[in-house]
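Q: Residue-level listing of the chains:
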Amino acid sequence: MKKSWIIAAIAAAMLMTGCSQKEPEVDMTKQTASQESVAEPITEADSVVGTIAGGEESSDISSLTENSRMAQIKELEAQAKKIYFDFDKYNIRPDQEPRVDYDANLFSSDTAKDLTIKVEGNCDEWGTDEYNYALGLKRARSVRDALTVRGIDKNRMVLISYGESNPVCTEHNRECWRKNRRVEFELLP
Amino acid sequence: MRIFLFMVIGLCLFASDATLEIVKSADNRPGIALQDASTFGNDLVKQKFFKLIVGDLKVSAHFKVDSTYRYSEYESIVDPMLKSGDYLIRYRFREGSSQALFMDMRAYALPAADIIYERSYRVTNRARYPFLVHQAIIDFNDFLKMPSVAWMKRYVIFSEYTKPKHSDIVVADYTLTYRKTLVSGGLNIFPKWADRQQRGIYYTKIGRLRPILYYYNIYTGKQHKVASSDGMLVCSDVSRDGKRLLLTMAPNGQPDVYQYDTTSGLKQRLTFYPGIDVSANYIDGEKRIVFVSDRLGYPNIFASKIGSRAVEQIVFHGKNNNACSAHGKYIVYSSRESDNAFSSNTFNLYLISTQTDYIRRLTASGVNQFPKFSDDGESVIYIKHYASQSALGIIRLDYNEGFLFPLKGRRIQSIDW
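Protein chains in written order, with my numbering: chain A, 1 to 189; chain B, 1001 to 1417.
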């Protein structure tokens, strides 16, 4: 008799456990709701800020996540090697080929493969007028074509010439002019 | 009689060819002396005014100018020592209310010292003083019935580098003494007058990804986009009626010359070489163009008929002729006389005609670049670079005379007159 009572009690307990297993979502919701309703009164931290007139609100919260990507892009840009050119020429010199190889590998890496590549042509101070800008553009195009041959999608690249407007060195000597006759890159998301 | 006619025709032909250098054996131009009676400005300012007046008189090329600075009272009698010339100009700058500035100018005929001419001028803002001087010299020149120098009132438009990838578009008087910035922020290059009346300009703004050509009204400050192109876009010339433009565009990174119809917006490709074709200018009644191309392996000047693919080499001299400007049948170009990557180079300016084989050298030494014809084709403006400074140069073709105005610490990108 005693045994049968124990079995009945266990069975009842199992039944109850089974029932309770079916309802946790409802119970939990109720519990959460009741907890909120009984919590300490909330202080509205922006009750005053929210009344300020004006347009769209912003803080650095939205850019914080983007900043890490931008930092990564800038890091890639810094790693890219500049391609240097001879006086009045726009063909890629043999000694610059390894640098183009390096850039092609860099731009096809996982971190860079989704980026647009702005190929910027630059000249020394010796050209004049439109011809210098055209020379810078042809240098940019030579580098784009060389990168295309190495597997970089042509459609990822845009060309622009800055002529003599963007010198990295402003002294009037041969070393400076050599540094300024270059193609460099800007990477854009 | 026939021989006489040939001589007359021959003289007329030579007289109308600006590529022939004029060598004067005697200077018959009227002598002119100056006296300053200004009540405005310190000594430095007075010297500036004086130099500008002397400059205008010299650039007119119509006078033998005595460059000695002399001070006088405006109403005092003429010093007998000055009576060796033909004219004495006595001038006076005086202050007006607010920022206004007046200039009085009186001319005496010598040796009688009779007053033959007197005018007064005013500007409401004293920064515009160069226009006081230019107007006074234009009027005095007209009074003497000399060939007009009204071009002195025309504006020069130029682009000036301010820092890497940044340049401003600036309007100036022809000596670049008066300046007003029109466009700033970013890289703004290759300004070109859009019409002969100088109401508007075309210029290129290098955007983030591609260059854009804008039209800018200099009186309203309003602008609108005209065209954009991959890689490069420059307006190198405007037809006399302002309805057609010669553009350098570079779709797919390939710079070529195009003609753009401002009414229909249609573009016509004019050059087809897979190298560099730039700096096109209309010549010969706007039926042909002259342009710079590297199709021989170095930059040189070529011409072609609009609508034809045939190209004609125009210049058979120089190792590197990389900039040109044209007016009618005349072409002025800049030629690099040395081919040195490692030291200073010499660039000289040359004038040629599509009708003759003569070449006239316009400069003798230094780095002379950005040649541009004046609207009447009688003068050429250019930039001369020295080791540490630049100057604006003006060559008066008909008079075989050149003048330089110093430019302190300015880096000119491009200029149009």
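Rather than coming from a laboratory, the hints here were simulated on the basis of the structure.
Keep in mind that this is a model prediction, so the values were computed, not measured.
Backbone N, C-alpha and C define an ideal beta-carbon position, used for all residues, glycine too.
Watch out, some of these pointers could steer you wrong.
Claimed, not checked - Here chain B is said to cover these stretches of chain A; the calculated rule only asks that three of the stretch's residues, wherever they fall, bring their Cβ under 8 Å from a Cβ of chain B:
{"hint": "1", "region": "91–98"}
{"hint": "2", "region": "138–147"}
What the hints assert, rightly or not - Which chain B residues face chain A? A few, computed with CB under 8 Å, are given here:
{"hint": "3", "residue": "P1164"}
{"hint": "4", "residue": "K1165"}
{"hint": "5", "residue": "I1218"}
{"hint": "6", "residue": "Y1219"}
{"hint": "7", "residue": "A1250"}
As the list claims (entries may be wrong) - Straight-line C-alpha distance at most 30 Å; calculated DSSO-like pairs for lysine-lysine:
{"hint": "8", "chain 1": "B", "residue 1": "K1225", "chain 2": "B", "residue 2": "K1180"}
{"hint": "9", "chain 1": "B", "residue 1": "K1083", "chain 2": "B", "residue 2": "K1064"}
{"hint": "10", "chain 1": "A", "residue 1": "K118", "chain 2": "B", "residue 2": "K1165"}
{"hint": "11", "chain 1": "A", "residue 1": "K82", "chain 2": "B", "residue 2": "K1205"}
{"hint": "12", "chain 1": "A", "residue 1": "K82", "chain 2": "B", "residue 2": "K1165"}
{"hint": "13", "chain 1": "B", "residue 1": "K1064", "chain 2": "A", "residue 2": "K89"}
{"hint": "14", "chain 1": "B", "residue 1": "K1180", "chain 2": "A", "residue 2": "K118"}
{"hint": "15", "chain 1": "A", "residue 1": "K113", "chain 2": "B", "residue 2": "K1064"}
{"hint": "16", "chain 1": "A", "residue 1": "K154", "chain 2": "A", "residue 2": "K81"}
{"hint": "17", "chain 1": "B", "residue 1": "K1163", "chain 2": "A", "residue 2": "K81"}
{"hint": "18", "chain 1": "B", "residue 1": "K1153", "chain 2": "B", "residue 2": "K1048"}
{"hint": "19", "chain 1": "A", "residue 1": "K81", "chain 2": "A", "residue 2": "K179"}
{"hint": "20", "chain 1": "B", "residue 1": "K1243", "chain 2": "B", "residue 2": "K1329"}
{"hint": "21", "chain 1": "A", "residue 1": "K118", "chain 2": "B", "residue 2": "K1319"}
{"hint": "22", "chain 1": "B", "residue 1": "K1153", "chain 2": "B", "residue 2": "K1329"}
{"hint": "23", "chain 1": "A", "residue 1": "K74", "chain 2": "B", "residue 2": "K1165"}
{"hint": "24", "chain 1": "B", "residue 1": "K1305", "chain 2": "B", "residue 2": "K1145"}
{"hint": "25", "chain 1": "B", "residue 1": "K1163", "chain 2": "A", "residue 2": "K89"}
{"hint": "26", "chain 1": "B", "residue 1": "K1180", "chain 2": "B", "residue 2": "K1163"}
{"hint": "27", "chain 1": "B", "residue 1": "K1048", "chain 2": "B", "residue 2": "K1145"}
{"hint": "28", "chain 1": "B", "residue 1": "K1165", "chain 2": "B", "residue 2": "K1145"}
{"hint": "29", "chain 1": "A", "residue 1": "K118", "chain 2": "B", "residue 2": "K1046"}
{"hint": "30", "chain 1": "A", "residue 1": "K179", "chain 2": "B", "residue 2": "K1165"}
{"hint": "31", "chain 1": "B", "residue 1": "K1180", "chain 2": "A", "residue 2": "K89"}
Q: Each hint needs a verdict: does it hold in this structure or not?
A: Each hint, compared with the structure:
Counting residues of the region 91–98 of chain A whose beta carbon lies closer than 8 Å to any beta carbon of chain B gives 0, which falls below the threshold of three, so the coverage claim is violated. Coverage of the region 138–147 of chain A by chain B holds. Counting CB-CB distances below 8 Å, 4 residues qualify, and the rule asks for three or more. Taken as an interface hint, B/P1164 checks out: its beta carbon lies about 5 Å from the nearest beta carbon of chain A, inside 8 Å. Using the Cβ-Cβ criterion of 8 Å, the hint placing B/K1165 at the interface with chain A is satisfied: the shortest such distance is roughly 5 Å.
Because the smallest distance between the Cβ of B/I1218 and any Cβ of chain A comes to about 22 Å, over 8 Å, the interface hint for this residue is violated. The criterion of a C-beta within 8 Å of any C-beta in chain A is not met by B/Y1219, whose closest approach is roughly 27 Å, and the hint is violated. The restraint placing B/A1250 at the interface with chain A holds, with a minimum CB-CB distance near 6 Å, inside the 8 Å limit. Of the pairs offered as hints, the one joining B/K1225 and B/K1180 holds, with about 22 Å between alpha carbons and a cut-off of 30 Å not exceeded.
Distance hint between B/K1083 and B/K1064 is fulfilled; the C-alpha atoms sit about 14 Å from each other, no more than 30 Å. Using a Cα cut-off of 30 Å, the hinted pair A/K118 and B/K1165 holds, with the two alpha carbons roughly 15 Å apart. Between A/K82 and B/K1205 the alpha-carbon distance is near 25 Å, which keeps this suggested pair within the 30 Å criterion. Simply put, A/K82 and B/K1165 have alpha-carbon atoms about 17 Å apart, close enough for the 30 Å limit, and the pair holds.
With a C-alpha separation of about 48 Å, the suggested pair B/K1064 and A/K89 falls outside the 30 Å cut-off, and the hint is violated. With a CA separation close to 33 Å, the supplied pair B/K1180 and A/K118 exceeds the 30 Å bound. Distance hint between A/K113 and B/K1064 is unfulfilled; the C-alpha atoms sit about 71 Å from each other, more than 30 Å. The suggested pairing of A/K154 with A/K81 holds, with an alpha-carbon distance near 19 Å, which does not exceed 30 Å.
The suggested pairing of B/K1163 with A/K81 holds, with an alpha-carbon distance near 23 Å, which does not exceed 30 Å. Using a Cα cut-off of 30 Å, the hinted pair B/K1153 and B/K1048 holds, with the two alpha carbons roughly 18 Å apart. With a C-alpha separation of about 12 Å, the suggested pairing of A/K81 with A/K179 holds against the 30 Å cut-off. In summary, the hint linking B/K1243 to B/K1329 is supported, as the alpha carbons are separated by about 20 Å, within the 30 Å threshold.
The hinted pair formed by A/K118 and B/K1319 fails the criterion: a straight-line CA distance of about 33 Å is larger than 30 Å. The hinted pair formed by B/K1153 and B/K1329 meets the criterion: a straight-line CA distance of about 25 Å does not exceed 30 Å. At most 30 Å may separate the alpha-carbon atoms for a hinted pair to count; A/K74 and B/K1165 meet this at roughly 19 Å. Between B/K1305 and B/K1145 the alpha-carbon distance is near 40 Å, which puts this suggested pair outside the 30 Å criterion.
Proximity of B/K1163 to A/K89 is assessed by CA-CA distance (about 25 Å); at most 30 Å being required, the pair is judged to hold. Our distance criterion of 30 Å between C-alpha atoms is met by B/K1180 and B/K1163, whose separation comes to about 18 Å. The hinted pair formed by B/K1048 and B/K1145 meets the criterion: a straight-line CA distance of about 28 Å does not exceed 30 Å. Of the pairs offered as hints, the one joining B/K1165 and B/K1145 is violated, with about 48 Å between alpha carbons and a cut-off of 30 Å exceeded.
Proposed proximity of A/K118 and B/K1046 is contradicted: the alpha carbons are some 52 Å apart, above 30 Å. Using a Cα cut-off of 30 Å, the hinted pair A/K179 and B/K1165 holds, with the two alpha carbons roughly 16 Å apart. With a C-alpha separation of about 37 Å, the suggested pair B/K1180 and A/K89 falls outside the 30 Å cut-off, and the hint is violated.
Checked against the numbered hints above, the structure violates hints 1, 5, 6, 13, 14, 15, 21, 24, 28, 29, 31; every other hint is satisfied.
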